[in-house]
Amino acid sequence: MRKRCFMVAVSLFAALVLMGFEQAQAGAPFTNAEGVGGVALNPMAYIANPMKKGDKGLFGLGIVSKPQLGIWNIRLCESGVNWFAVGGNISFFNRLELGYSHEFVDIDGVQSTVDKDNFSFKLNLLKENDFGLKFLPAVSFGGIYKTTDADDNFPLKDTEDIDFYFVATKMVPGLPVPVILNAGLLNTKGYVRGVLGFGDDREWIFFGNIDVVVFEKFIVGWEYEQEAEVGDVFKGEKGMKHTTHSMWETHIAWMYNEHLTLIGSYAYTGDSKSSEAAFDSAYVLSLQYAF
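Numbered per the numbering used here, the sequence shown spans residues 317 to 607.
If you're looking for bench data, these hints aren't it; they were derived computationally from the structure.
Be careful, since some hints might not be right.
What the hints assert, rightly or not - Once the Cα atoms are required to be at most 25 Å apart in a straight line, the calculated DSS-like pairs of lysine-lysine come out as: (1) 551 with 589; (2) 450 with 473; (3) 533 with 551; (4) 382 with 473; (5) 533 with 486; (6) 473 with 368; (7) 368 with 450.
Claimed, not checked - Ranges of calculated distance between the beta carbons of each label pair, as one might list FRET restraints: (8) 552 with 587: 39 to 49 Å; (9) 555 with 582: 28 to 38 Å; (10) 377 with 589: 30 to 40 Å; (11) 459 with 564: 18 to 28 Å.
Here a beta-carbon is modelled for each residue, glycine too, at the ideal position from N, C-alpha and C.
Build the full structure now, drawing on both the sequences and the hints.
Structure representation (structure tokens):
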């Protein structure tokens, strides 16, 4: 398994090096694994694939954006987990983003693959620099309805619930290169992001990103998500305090052209020897396509 993961990482690097050099126009927010416009882990306040000035969007109506698709492969080699996700976004009036993704999680020692569905919305409340205020970030509110079939393998109490979040995103002006800051609060009951069900307690947790655009065609960044204590998750439990481990990841995205972006990432989900909700290191590949 470790050798295979190493080969995946090498293959990604080779693919990035061998890609042609074109002027980049695509970029964040990407369609993340849960079908939300963001980066790998976290939502951003920006709407995914917004209509640009003069763009008529889907059907030429100037109302609905063209779709954006994201494919993710996440290999948690040390824990024997292979995680695959495919999703998409579409937006209305550059204000309301709708998204969907399906996640397939193959866990060594578990009889069947865990399937998880995510249906999301994001409402952009404030656009960046609204009212002529150059310091004003974009601000959005969103929700993700999640459902998992992990109860086929585990005695889960709940298999569906909704996450809610507030997020602010700002491109910092006046710097030599574009720097994007992103921070928000997520309200969740999800255990391992809902893949392994939902607890009976909700918690507000912090998430944040920093991304830098370099050489016009690369985005280099880092993001973090705080741990969440969600209470009882499995049937028969009372007074348990199951906690999803905090996570961080670092990524590089190659914006090949106005449609295609390739992403490589390394993530750390915590030491599996000290937490049942930690899965060690992850090696991540993603292909993003904006129509």
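Quick rundown of the hints versus the structure:
no.: 1; hint: 551 with 589; in the structure: holds (24 Å)
no.: 2; hint: 450 with 473; in the structure: violated (47 Å)
no.: 3; hint: 533 with 551; in the structure: violated (49 Å)
no.: 4; hint: 382 with 473; in the structure: violated (39 Å)
no.: 5; hint: 533 with 486; in the structure: holds (19 Å)
no.: 6; hint: 473 with 368; in the structure: violated (45 Å)
no.: 7; hint: 368 with 450; in the structure: holds (20 Å)
no.: 8; hint: 552 with 587: 39 to 49 Å; in the structure: violated (27 Å)
no.: 9; hint: 555 with 582: 28 to 38 Å; in the structure: holds (36 Å)
no.: 10; hint: 377 with 589: 30 to 40 Å; in the structure: violated (55 Å)
no.: 11; hint: 459 with 564: 18 to 28 Å; in the structure: holds (24 Å)
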